[in-house]
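Chemist: Using the hints provided, position chain P relative to the given structure of chain Z.
Number of protein chains: 2
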Amino acid sequence: MAEKLTLALDAMGGDHAPDMVVEGVAMSRERFPDVRYLLFGDRALLEPLLGQHPELEGMCEIRHTEERISGEMKPSQALRQGKQSSMRLAINAVHEGEADAVVSAGNTGALMAMSKFVLQMMSAIDRPAIVAYFPNREGETVMLDLGANVECDANNLIQFSIMGAIFARTVLGLQDPIVGLLNIGEEELKGNQNVKAAHTVLSQGILPFRYHGFVEGDGIHSGAVDVVVTDGWTGNVALKTMEGTANLFGTFVSRSFRSSLMARIGYLFASHAFGKMKIRLDPRHYNGAVLVGLRGISVKSHGGTDALGFSTAIAVAIDMVNNRFIENIREQMGKLDPEQIETLLAGVE
Amino acid sequence: MAEKLTLALDAMGGDHAPDMVVEGVAMSRERFPDVRYLLFGDRALLEPLLGQHPELEGMCEIRHTEERISGEMKPSQALRQGKQSSMRLAINAVHEGEADAVVSAGNTGALMAMSKFVLQMMSAIDRPAIVAYFPNREGETVMLDLGANVECDANNLIQFSIMGAIFARTVLGLQDPIVGLLNIGEEELKGNQNVKAAHTVLSQGILPFRYHGFVEGDGIHSGAVDVVVTDGWTGNVALKTMEGTANLFGTFVSRSFRSSLMARIGYLFASHAFGKMKIRLDPRHYNGAVLVGLRGISVKSHGGTDALGFSTAIAVAIDMVNNRFIENIREQMGKLDPEQIETLLAGVE
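Those sequence lines, one after another, are chains Z and P. Quick note: our numbering has the first sequence finishing at residue 351, numbered continuously throughout. Quick note: our numbering has the second sequence finishing at residue 351, numbered continuously throughout.
The following block holds chain Z by itself, in its conformation from the complex:
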């Protein structure tokens, strides 16, 4: 770790980069006054932006490069052709120990592929997973895998559950997170073979978190569990379905408020209350998906976000570093007995 906590930022990634990156750093200063930032990107663009924030003097260092990864570039192409890109150089800085984590709002596939290639997998973890969190009825739900792996076996799901629980501790500050396994029924009979096998192991009480059992899709938001574990295919479909349903609902609510003069007047009275609800559900407060299972921390900000959203992704990275996310996973994985798990899994299959 560098002396001061240091973040490598892909200053050119995202629809509103580099402005929102610099503004996001400025918004983070009050909460995290001691963090240093390496801004990878075009000096000619970044210098004037930093010039508008004299308070960031000494906190930011520009690392000039003119190359950047476009939104359309395929992961394989990014790996081959993007070696001097702002994204790649920011990831390299983590690998080389210059920075403690990288944050980018750029091309998701490229960030995942390059992070995996440069930072490499932890030896105890077989597959990486994308983890993120979003509002539920009472607090937040952590969910993984959201799309890193189309297919996952039981062992992958078990490892995801450990990483998810540690994410809930280090980022959401939950002392004793409750983990659930996504299934299409709450009975033990249902589900596919991998889910049933993982359930058998999770039910033994040998893993470092409380296990709730199966949850169905309508349990993701109920608050009954803090962490929902599933394969990347199912997680991605569920995440996007949530987004689509939330959008549909939002459309119907705003259509209702505009549908008549009476409803418009109603909105004048209710707007303060709805404003609070909007803040509670604002996706900018839940911005920051992480590719976990790597030897370094790589945080993906939503591409279309603004400075507020980017500052959330910065906070996720800082929390993970400060609360020793990677060391925690190493420790917990080190306490497991892989033979015991293999024996349990063999008993199911």
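Keep in mind that the hints were calculated from the coordinates and are not lab data. Among these hints, one or two may not hold up.
The list makes no distinction among identical chains, and a pair is therefore deemed to hold if it is satisfied within one copy or across any two copies.
In silico lysine-lysine, DSS-like type, Cα no more than 30 Å apart, as pairs [what the hints assert, rightly or not]: (1) K6 - K85; (2) K337 - K280; (3) K118 - K198; (4) K337 - K118; (5) K278 - K76; (6) K198 - K76; (7) K280 - K76; (8) K280 - K85; (9) K118 - K76; (10) K76 - K337; (11) K85 - K118.
Modeler: Just chain P, lined up with the frame of chain Z:
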């Protein structure tokens, strides 16, 4: 088909049966004055209920049985022990040609298992699927499979797409439904092997509907497609996730309206508009999941529904009979060249 369109009703299935079944029939009378109903269940309970509706005189016939399938009964148990149950006898009536379709709000697993056992699969279809529909941004989306099969191969997905398109025609009255295949990206590269293989066949234009290509989870509600095809695992997770997200949103909206005096006053003005939205999204208007692929029509009403919801399930069954759902599938499947599809699939895998 019987002379008059005849429905067999499991009068004892559902949380509010038999009352809501009889009331649901009464609500359906205006729209469908010529339908006959066979009510399977306890005569001692049904007779007084029918006595309150002299207008149903001559439309309903009670078929007495004292047995019923409980909500907790497992499918295998229902098959063995439920041979004289109201649900089973109602299904039998379809098989024996006494009724054109069966509607039940009882135990889902039992209804699926008994329907499949008694009515049997159509020879052209390999696996049944659960199909239903729900509101999207502009109209309705049909989706299948919602949970009949945990795993599906490419051929199953192709057959589901045909049945889904015909469901959209016969129940929603869409002349030219657009079908999409659920995936985790819209690019051809992504997704699992089965989905990619099905996509190749669907893209040939040899099937009897317009094919949109892949849709992601957030496309289910966008209205870009009328029919979303997926395997039963993914469909079930997506459906329940929608329900959970919609509930979460509903909770936040009603909390907002109750959070202050101002917001309560706002609600007084906006309540008419929100009432219309509530009607548009009322699940009772989307009640009626169907197990398709069988030689008979078996409609599952939500167990907790009331008379209005049950009358929707009745309407689904009647539309399917009147618009010749099963004959349509036979016809369309008969026009397919299985060898051509096999060759195409072999080329992908």
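Chemist: The structure should be examined with respect to each hint, and the outcome stated for every one.
Modeler: Hint by hint, here is what the structure shows:
For the identical chains of this complex, K6 and K85 are intra-copy neighbours only, at 27 Å inside a copy versus 74 Å across copies, given an alpha-carbon limit of 30 Å. Taking the closest pair of Cα atoms, K337 and K280 never come within 30 Å of each other, the shortest separation being 43 Å inside a single copy and 52 Å across copies. When the C-alpha separation of K118 and K198 is checked against a cutoff of 30 Å, the pair qualifies both within a copy, at 29 Å, and between copies, at 25 Å. For the homomeric pair K337 and K118, the shortest alpha-carbon distance inside one copy (25 Å) is at most 30 Å, but the shortest distance between copies (49 Å) is not.
When the C-alpha separation of K278 and K76 is checked against a cutoff of 30 Å, the pair qualifies neither within a copy, at 39 Å, nor between copies, at 45 Å. In the homo-oligomer, the alpha carbons of K198 and K76 lie at most 30 Å apart only across protomers (19 Å), although the nearest pairing inside one protomer, at 35 Å, exceeds that limit. For the homomeric pair K280 and K76, neither the shortest alpha-carbon distance inside one copy (35 Å) nor that between copies (43 Å) is at most 30 Å. Taking the shortest Cα distances, K280 and K85 never come within 30 Å of each other, neither inside one copy (40 Å) nor across copies (53 Å).
Only within a single protomer do K118 and K76 lie at most 30 Å apart by alpha-carbon distance; the minimum there is 15 Å, versus 46 Å between protomers. Taking identical chains as interchangeable, the C-alpha atoms of K76 and K337 are never at most 30 Å apart, the minima being 38 Å within one chain and 40 Å between chains. Proximity of K85 to K118 under the C-alpha cut-off of 30 Å is restricted to the intra-copy arrangement: shortest distance 14 Å within a copy versus 58 Å between copies.
The structure is inconsistent with the numbered hints 2, 5, 7, 8 and 10, although it conforms to all the rest.
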